[in-house]
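S.K.: In the order they appear, the protein sequences are chains A and B. 10 is the number of the first residue of the first sequence in the numbering used here; add one for each residue after it. 2 is the number of the first residue of the second sequence in the numbering used here; add one for each residue after it.
Derived from the structure by calculation, the hints contain no laboratory data. For each residue, glycine too, the CB sits at the ideal point set by N, CA and C. Any given hint could be a false lead.
Distance windows between CB atoms, simulated [what the hints assert, rightly or not]:
hint : chain 1 : residue 1 : chain 2 : residue 2 : range
1    : A       : 317       : B       : 151       : 21 to 29 Å
2    : B       : 149       : A       : 229       : 38 to 46 Å
3    : A       : 591       : B       : 142       : 46 to 54 Å
4    : A       : 589       : B       : 153       : 39 to 47 Å
5    : A       : 384       : B       : 153       : 54 to 62 Å
6    : A       : 22        : B       : 52        : 51 to 59 Å
7    : A       : 167       : B       : 93        : 23 to 31 Å
8    : A       : 129       : B       : 28        : 32 to 40 Å
9    : B       : 98        : A       : 167       : 24 to 32 Å
10   : B       : 92        : A       : 405       : 41 to 49 Å
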Amino acid sequence: MARATAFGGWQGRLLRVDLERGTASSEPIDRAVLEKYVGGRGLGVWYLSQEVDPTVDPLSPDNKLIFATGPLTGTSAPAGSRQMLVTKSPLTGAVATSNTGGYFGAELKFAGYDVVIVEKAATAPVYLWIEDDRVELRSAEDVWGREVSATTHILVDETHEEAKVMCIGPAGENLVKISSIMNDMGRAAGRSGVGAVMGSKKLKAIVVRGTRGIRVADPAGFVQAVQDVRDHELLNQFMTVTVAEYGTSDVVEFSNEFGLLPTRNFQQGTFEGAAAIGGTAVSRYNLKGISKTKACFGCPTACGRVTVVEHGQFKGRGEGPEYETLGSLGAVCGISDVEAILKSNYLCNELGMDTISAGVTMACAMELVEKGYVSEDEVGRPLSFGDGAAVVELLQKTALREGFGDALAEGSYRLADSHGHPELSMTVKKLEFPNYDPRGGNGYALAYATQSRGACHIRNEVHCVEFFGISLLGITQEEGENIDRFDPEGKAEVAKNIQDYYCMIDSSGMCNFLVIAMPHAVAFMGLIEKATGIDFGGLDGFLRAGEAIFNLERLFNLGAGLTSADDTLPRRMLEEPFVEGASKGHVPKLEVMLPEYYALRGWDADGVPTPDRLAELGVGPVAAI
Amino acid sequence: MKPQLVVNPDRCTGCRACETACSFAHYEEFNPQRSAVRVSIFTEQCFFLPVVCLQCSDPACVAVCPSGAMHADEINGGFVVLVDRERCVGCHMCVLACPFGCVEDDGASSVRKCDLCDGDPACVQACATKALDYSGVNSLASTRRKALAERMRLEEGWR
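Using the sequences plus the hints, can you model the full thing?
M.R.: Quick look at the structure:
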């Protein structure tokens with residue numbers, strides 16, 4: 010069927026919900042905005058920068074919570090499952106961009122919306138029920154206080170058996186600053202405390218079912234492009250050999266070999282218990298049954314899984330764990346009891362908490378106790394590295410803000426700072442580190458220091474070219490090849506380009522896992538072009554579009570009061586090299602790379618974008634399209 | 002062997018690529034609600050079953066059809082049940098008769114069911130794990146026999 014206009018991928022509509030008035034209305038999205046900011050992260054950040062004063066209190070009704078899908082969400086693009094949650098973070102005070110897969114994002118598109126913007130706050134708990142054009146706010150009194158899986162079951166019963174649910178757990182309700190928003194039970198928009206924003210609005214859940222189709226601008230070209238990507242050998246190897254077998258849990262031993270597996274609050278880069286919590290150890294807990302792994306919408310890789318601990322004090326079942334959880338709730342806490350980690354993972358999912366921030370905050374508390382800065386009286390129980398039972402107990406107290414849990418609920422920076430030792434918080438911009446210690450490579454260290462939302466691996470996977478042997482943007486020529494991870498030379502450009510590229514990945518609606526397994530960035534760009542009809546003008550234009558998004562985030566952060574002083578790493582990572590392991594003796598040379606990075610970005614010495622660069626990118630304090 | 006569309010739930014990961022492939026092949030849009038194959042999802046049990054017309058050799062939908070629109074035919078020497086939209090009166094008796102929920106109102110005065118895409122099913126092409134296969138049910142039986150033997154060899158100490 011020929012289409013009158015080459016418009017596709019998007020639904021072209023936005024749903025705006027005012028919780029104070031209890032109203033919802035849909036409006037068209039300007040095509041020029043779609044073409045410039047594409048979707049997901051770009052589109053969400055554009056609405057945030059247009060509509061939210063960067064100085065607002067993140068937990069006040071003036072903050073907005075934006076759910077943004079991309080043009081590939083819900084299509085046949087591999088793992089076109091993603092949506093981005095954008096808001097001002099209560100944890101960092103900076104822009105929050107929190108991404109999730111599962112089925113929810115695709116269902117939102119099928120209901121006819123690219124974006125949902127939630128404004129103001131309700132006076133009593135509510136949930137939003139969207140069924141195409143029919144949008145209703147309903148009382149959530151019966152699910153308020155309930156855990157994620159119970160909430161999901163009840164709301165499916167109250168709406169439609171095919172409905173998809175995205176909700177907060179008790180942690181989000183209690184404004185825990187490391188709380189997540191969960192969808193399809195086991196999938197998390199984990200980082201930056203987005204759950205607390207939803208909790209502050211007394212919005213327990215969004216439930217959606219959609220019956221509208223998604224069309225693409227060039228149907229034949231799009232389907233061929235998808236087929237080309239799926240036929241690519243690396244994608245198939247990645248899919249069938251690496252990730253499908255172990256999920257990402259196998260990375261534990263890999264990172265340990267490279268000497269960058271954060272251990273005991275980042276005091277070491279190797280963990281003697283790595284094998285005990287690695288892929289093989291975890292796979293023994295896989296649910297026995299007919300399916301080993303589970304996929305997000307449209308994903309050929311299927312990296313998710315359900316695990317079970319049958320007996321003992323850590324008995325339970327649920328989705329996970331993946332690498333970051335094994336690291337944060339394992340090695341970072343010095344815990345080698347894999348059953349304790351699994352239980353902690355299940356609890357985080359049910360209570361609605363980010364496993365990374367939760368683990369790193371626990372580890373911070375352990376070190377504060379170890380060094381005598383926090384007493385066991387204050388904690389209310391003994392606490393030391395390696396104590397899995399303590400973590401399991403404290404996670405529950407954190408979600409409910411009970412006792413010492415109230416201090417933990419503030420995240421590691423506020424915890425350490427309020428006890429006089431902010432240097433023991435392993436954070437950038439108050440966001441807890443993921444599980445690649447920056448002493449293992451200069452490029453990703455710089456990327457963590459400068460990423461808009463704080464210490465984050467998934468907005469800029471520079472580690473792919475520094476030790477994973479995965480080629481990105483032609484930075485390395487062959488699979489298996491790495492650039493010298495300890496050499497700061499040229500890393501500013503590498504970090505900048507990968508950050509700009511990831512702005513586009515995060516705006517597309519596709520999962521970055523599948524993008525990095527693609528033959529080349531051009532193939533990925535082609536999928537977006539054929540879906541939407543946009544012509545980016547080659548890879549340079551594509552990266553420029555990403556750079557515009559990155560600068561828009563920078564302007565929001567500067568408006569929120571962040572400065573170049575926030576583009577740094579914890580003192581431990583800059584001054585204390587590891588004394589053992591494959592990364593020993595190295596610290597990232599941030600002072601060398603940062604000025605070069607600012608110059609490449611067209612930012613002045615204070616990290617402020619110059620008017621010239623903003624004009625080139627078409628980004629302004631009030632973005633002119 | 003006569004080809005049949007075979008579902009192997011052992012292999013399904015719940016990605017639903019079959020649903021977008023089917024709706025795109027028939028309507029040029031991605032829309033699970035217009036797909037003739039639908040994956041039933043039990044997230045917590047990690048159990049997924051693509052449910053699609055089994056092309057019964059004694060189809061209830063054909064037996065109840067008052068207009069003769071629902072009829073048996075052959076593709077690649079195999080059995081297929083098709084809807085003749087010209088003859089369909091939109092009474093939905095076939096929807097009521099199908100015990101598997103694999104015939105649906107198509108919102109355009111007729112019904113939607115799997116037509117095996119003229120002998121080259123789009124869902125099979127899209128399935129990364131071969132949970133959907135267009136070979137024959139006996140291939141599933143042989144796969145299961147082999148898997149049983151493999152389990153005995155690995156898990157029960159047989160050699």
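S.K.: Now look at each hint and say whether the structure bears it out.
M.R.: Here's how the hints hold up against the structure:
Checked against the given bound of 21 to 29 Å, the beta carbons of residue 317 of chain A and residue 151 of chain B, roughly 22 Å apart, stay inside it. With their beta carbons about 44 Å apart, residue 149 of chain B and residue 229 of chain A fall inside the hinted range of 38 to 46 Å. Taking 46 to 54 Å as the suggested C-beta distance range, the pair residue 591 of chain A and residue 142 of chain B conforms, at roughly 51 Å. In this structure the supplied range 39 to 47 Å holds for residue 589 of chain A paired with residue 153 of chain B, their Cβ-Cβ distance being about 46 Å.
A beta carbon spacing of about 58 Å between residue 384 of chain A and residue 153 of chain B agrees with the range 54 to 62 Å that was offered as a hint. Between residue 22 of chain A and residue 52 of chain B the beta carbons are some 31 Å apart, a value that contradicts the proposed interval 51 to 59 Å. Judged by the Cβ atoms, the range 23 to 31 Å given for residue 167 of chain A and residue 93 of chain B holds: they are separated by roughly 28 Å. Remark: the range hint 32 to 40 Å for residue 129 of chain A to residue 28 of chain B is upheld by a beta-carbon distance near 39 Å.
Checked against the given bound of 24 to 32 Å, the beta carbons of residue 98 of chain B and residue 167 of chain A, roughly 31 Å apart, stay inside it. The hinted window of 41 to 49 Å between residue 92 of chain B and residue 405 of chain A is violated, with their beta carbons roughly 57 Å apart.
Consistency note: the structure conflicts with the earlier hints numbered 6, 10.
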